[in-house]
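> Each chain is listed here by its residues.
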Amino acid sequence: MPHSHSHNFHSHTDHHDKYHSHSHNMIAPTIHIVCTLIMVIAIVATPDARWLTWLIYGCGIIVLLGMSQVDLFTLYQRLAVESIFVSVSVLGILFRDGNGIIWQWGFLKITLTGLLIFGSVLCKLGLTLVLMNLLTLTMPIPVLLQGLSILRVPPLLIAILGSMYRYLDLLVEEFMIMRRAAIARNLLAGKRWQRLVIGNMIGSLFIRTYDRGNRIHQSMLSRGYQGVLPLQTPPKLNWRDRLALGFTILFAVFGQVAFYH
Amino acid sequence: MPLFPILNSQFLAMHIPDGFLSLPVLGVTWICAIGFISIALKQVESDYQDRAVPLMGVCGAFIFAAQMINFPIPGGTSGHLLGGTLAGILLGPWAGALVMSVVFMVQGFVFQDGGITALGANIFNMGLIGTFGGYYLFRTVRNLVGHELRGIIVGTAIASWFSVVVASAIAAIQLAISGTVPLLIGMTAMVGWHVMIGVGEALVTVSTVTFIWRSRPDLLYSSSKRINSDLSR
Numbered sequence: 001m002p003h004s005h006s007h008n009f010h011s012h013t014d015h016h017d018k019y020h021s022h023s024h025n026m027i028a029p030t031i032h033i034v035c036t037l038i039m040v041i042a043i044v045a046t047p048d049a050r051w052l053t054w055l056i057y058g059c060g061i062i063v064l065l066g067m068s069q070v071d072l073f074t075l076y077q078r079l080a081v082e083s084i085f086v087s088v089s090v091l092g093i094l095f096r097d098g099n100g101i102i103w104q105w106g107f108l109k110i111t112l113t114g115l116l117i118f119g120s121v122l123c124k125l126g127l128t129l130v131l132m133n134l135l136t137l138t139m140p141i142p143v144l145l146q147g148l149s150i151l152r153v154p155p156l157l158i159a160i161l162g163s164m165y166r167y168l169d170l171l172v173e174e175f176m177i178m179r180r181a182a183i184a185r186n187l188l189a190g191k192r193w194q195r196l197v198i199g200n201m202i203g204s205l206f207i208r209t210y211d212r213g214n215r216i217h218q219s220m221l222s223r224g225y226q227g228v229l230p231l232q233t234p235p236k237l238n239w240r241d242r243l244a245l246g247f248t249i250l251f252a253v254f255g256q257v258a259f260y261h
Numbered sequence: 262m263p264l265f266p267i268l269n270s271q272f273l274a275m276h277i278p279d280g281f282l283s284l285p286v287l288g289v290t291w292i293c294a295i296g297f298i299s300i301a302l303k304q305v306e307s308d309y310q311d312r313a314v315p316l317m318g319v320c321g322a323f324i325f326a327a328q329m330i331n332f333p334i335p336g337g338t339s340g341h342l343l344g345g346t347l348a349g350i351l352l353g354p355w356a357g358a359l360v361m362s363v364v365f366m367v368q369g370f371v372f373q374d375g376g377i378t379a380l381g382a383n384i385f386n387m388g389l390i391g392t393f394g395g396y397y398l399f400r401t402v403r404n405l406v407g408h409e410l411r412g413i414i415v416g417t418a419i420a421s422w423f424s425v426v427v428a429s430a431i432a433a434i435q436l437a438i439s440g441t442v443p444l445l446i447g448m449t450a451m452v453g454w455h456v457m458i459g460v461g462e463a464l465v466t467v468s469t470v471t472f473i474w475r476s477r478p479d480l481l482y483s484s485s486k487r488i489n490s491d492l493s494r
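Chains as they are written, first to last, in my numbering: chain E, 1 to 261; chain X, 262 to 494.
What the hints contain is simulated information worked out from the structure, not anything from laboratory work.
We put the beta carbon where it would ideally sit given N, CA and C, even for glycine.
Hints are supplied without guarantee of correctness; some may be wrong.
Claimed, not checked - Computed list of chain X residues with no C-beta within reach of chain E, every gap over 12 angstroms:
no., residue
1, Ser299
2, Thr401
3, Gly407
4, Phe423
5, Ala430
6, Ser483
What the hints assert, rightly or not - Computed list of lysine to any residue pairs in SDA-like fashion (alpha-carbon distance at most 25 angstroms, straight line):
no., chain 1, residue 1, chain 2, residue 2
7, E, Lys191, X, Trp474
8, X, Lys303, E, Lys109
9, E, Lys191, X, Gly453
10, E, Lys191, X, Val415
11, E, Lys109, X, Ala450
12, E, Lys236, E, Thr136
Okay, chain E solo, but in the shape it has when bound:
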């Protein structure tokens, strides 16, 4: 039975070589990340029911989508998977209690308050999802992780994140091979045994993983690793970076102020 995590996994890893974007060549990765985060925070921080603000941000994101030249179908595929993840939790909001009942059927009712919060969460969710997908579609993940260093993320944490991402494909693949082997031996047929077998598989994978970690460490040592990672010097900001950063801040503020006019 395919799992949505694995759909999600492949829809993200399959497209690593296809960066259609030009924008990540134009501005430094760190500025790209900072601008995305500013917009995400601005979207999330907007109080409920300020539709105009989200409309302005949405228009900005559409312009950005056009400029970045990402493959819209890839983006759609990702969003489709990701929206399944959140759909149930969003629906929970729709049927909440509140003032002004609009629709009622038994104990299920939709209220004005519920509808407002539902719409607001939906706006925030949709806009941030598109923005974050835009970031990961236009920037290779190792570059993204390195770019986090400017946000004062400790180098050790970035190194661990990079190391995890490096071995993700390998371990997922190894686990799928184990699963295939178990299915081939009819071990995953019974429901009661299934959990035991999966538990044993996970245990076996951990033993292999731990040994693999030690082997990686040994080979790192043999290449001269002394527990200090080469630090990347943050790139100098050029006028494009400053312009992008300044414009993003102005745009975020403009969206918030526009509500009052």
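Chain X: place on chain E using the hints.
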């Protein structure tokens, strides 16, 4: 036959997306998460020294891989491992919580599974409460029962069930404080559901830990053991 086919647990994961939490909740959970991670990083660096990067990295990938497989949950549906307590039992509270936080960061940044602004809350709920709390609950129960396999099994079962349920309860409380989902609905939906997920989590975690205890007991974290002593092995 699943009772509610659509209510498959993978769609009810505890990863809180962006837009669900209010600014005060986001702020408090971020501060807790950042403080917690910086202590965990220092602990792991001094415990594992130059092994920290490769070992924590592959263990993060391990948890990610382990979360990908579905298994039946009592009650008729299926779910997957969350792995917080498992990470704590295998790697210890600090390294386990750090590995879980790293998994959430990669899931949030790379796979958009869980929000970026809600990352602090997700680390707080499942890294701090789930893993750190789960490990100490495991240790307490194991010490009460005794150090034999039975103690490990009982401790693992209780800790992994509780960590899942408590983490979901705290997520429901955060959603209620944020004014997004009322406490009653949140509690019934989240906690009621995770009571069942917790059973699956406990069964699989027990089976995993028992397997490792039987085949490589030296790999289970023990607070008295010097982590670096097996370096020269």
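> Each hint should be assessed against the structure and marked as holding or not.
Structure-based check of each hint:
1. With 12 angstroms as the threshold on Cβ separation, the claim that Ser299 (chain X) sits away from chain E is violated: the shortest Cβ distance comes to roughly 7 angstroms.
2. The Cβ of Thr401 (chain X) lies farther than 12 angstroms from every Cβ of chain E, with a closest approach of about 23 angstroms, so its non-interface assignment holds.
3. Interface exclusion of Gly407 (chain X) from chain E stands, the closest Cβ pair being 22 angstroms apart, more than 12 angstroms.
4. In this structure Phe423 (chain X) is separated from chain E by more than 12 angstroms, as the shortest Cβ-Cβ distance comes to about 18 angstroms.
5. Against the 12 angstroms criterion, Ala430 (chain X) stays outside the reach of chain E, whose nearest CB is about 15 angstroms from its own CB.
6. Every beta carbon of chain E lies more than 12 angstroms from that of Ser483 (chain X), the smallest distance being close to 14 angstroms; the non-interface claim holds.
7. Taking the CA atoms of Lys191 (chain E) and Trp474 (chain X), the gap is near 24 angstroms; set against the 25 angstroms cutoff, the hint holds.
8. Between Lys303 (chain X) and Lys109 (chain E), the direct Cα distance comes to roughly 50 angstroms. Violation of the 25 angstroms bound is thereby established for this hinted pair.
9. A distance of roughly 22 angstroms separates the Cα atoms of Lys191 (chain E) and Gly453 (chain X); the hinted pair therefore holds under the 25 angstroms criterion.
10. Restraint check for Lys191 (chain E) and Val415 (chain X): the C-alpha separation of about 22 angstroms stays at or below 25 angstroms, so the hint holds.
11. The straight-line distance between the Cα atoms of Lys109 (chain E) and Ala450 (chain X) is roughly 16 angstroms, inside the 25 angstroms bound, and the hint therefore holds.
12. About 23 angstroms separates the Cα atoms of Lys236 (chain E) and Thr136 (chain E), which keeps this hinted pair within 25 angstroms; it holds.
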